[in-house]
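Visitor: Construct all of the structure, not just a fragment, from the sequences and the given hints.
Mapping the sequence shown onto the working numbering, position 275 (from 1) lands on 275, and the numbers just tick up by one.
There could be a bad hint or two in this list.
[What the hints assert, rightly or not] In silico lysine-lysine, DSSO-like type, Cα no more than 30 angstroms apart, as pairs:
(1) K5 with K15
(2) K218 with K122
(3) K233 with K39
(4) K279 with K24
(5) K218 with K278
(6) K218 with K107
(7) K257 with K62
(8) K51 with K124
(9) K279 with K15
(10) K24 with K122
(11) K96 with K25
(12) K122 with K279
(13) K39 with K24
(14) K122 with K5
(15) K122 with K107
(16) K233 with K28
(17) K279 with K39
(18) K96 with K62
(19) K269 with K218
(20) K233 with K151
Source of the hints: derived by calculation from the structure; they are not laboratory data. These figures come from a predicted structure and were not determined experimentally.
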Amino acid sequence: MYILKNDNLEAQISKNPFELISLKKSGKEYVYQQDSTWKKSWPICFPITGKLINDQYQLADKTYHMTGHGFFRAITDWVVVTQTTDMLVVKYVATKTFYEQYPFTFKLEVTYQLVGTELINKVKITNLDSEPLPYNFGWHPAFICDDHLGKIIFDQPQTVTHIPGGSFLGTAMTTEIKNEIELDEYDFTTGQCYALLNQTTEQVLIVDPTRVVRLTTKGYPNVLIWKCQNDAKYICVEPWDGHQDDINYATTPFDQKPWINHLAPHVTKEYVLQVELKK
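Guide: Printed below as a string of structure tokens:
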């Protein structure tokens, strides 16, 4: 277990799986403690976000299999680069371990840093190949939030798209314009999620009577809102550079799907998530 502290916050990061599992301010916990049916807290999504149709994709006339959100959480051989009282930096250089799922060479560098009342989480992706690296990336943090009184407030009106549980883009989706989402007015019973697609927020607030969390969303084209069941006392607010599969592109090769990013050879892309515990 890695433990980070400053004058305001304390964070705990498990080693296997490598995942933030606790974030406290003045002793009060803000991260979901896996007390419902979903047994994760703060997974990171790479090299896909969401699920692929049939958990598979085509690339160069070959079929590859990969489960939802990719294999980031299955990586175990992280190497510590920097460790101080308030910061942890680790790296992973791809080996053949995941080559049958994703035949590319890359490096990941992950940073957790406490600054004042903020957690700054960063991931750098470096393409070590001589060809472009196709990928998506996303954050999947889960915050404690009252299931009846909790709400998510946008900094400007957004189109909220309802994606039915177990479905992909292009299937029976409905939309509405909202300034905020009151959690008790939304149904999560069958695994459905609510998405801000091509969103324009710079930040969102996660609010209930005892907690207020500010989450940066600027620069992320999509934000997903999800939890495993209606009475679960948490909510996931997930800035993604990508989205789940689309039935209109079911047979399209992975690197040609229009939402897939392409990182040029020997180039690094950095993703930053800032989380401020305001109350």
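Visitor: If a hint holds in the structure, say so; if it doesn't, say that too.
Guide: Status of the hints after comparison with the structure:
no.	hint	verdict
1	K5 with K15	holds (17 angstroms)
2	K218 with K122	holds (14 angstroms)
3	K233 with K39	holds (13 angstroms)
4	K279 with K24	holds (11 angstroms)
5	K218 with K278	holds (18 angstroms)
6	K218 with K107	holds (24 angstroms)
7	K257 with K62	holds (16 angstroms)
8	K51 with K124	holds (22 angstroms)
9	K279 with K15	holds (29 angstroms)
10	K24 with K122	holds (19 angstroms)
11	K96 with K25	violated (40 angstroms)
12	K122 with K279	holds (23 angstroms)
13	K39 with K24	holds (19 angstroms)
14	K122 with K5	holds (17 angstroms)
15	K122 with K107	holds (14 angstroms)
16	K233 with K28	holds (15 angstroms)
17	K279 with K39	holds (26 angstroms)
18	K96 with K62	holds (17 angstroms)
19	K269 with K218	holds (15 angstroms)
20	K233 with K151	holds (12 angstroms)
When the structure is compared with the earlier hints, a violation turns up for hint 11 alone.
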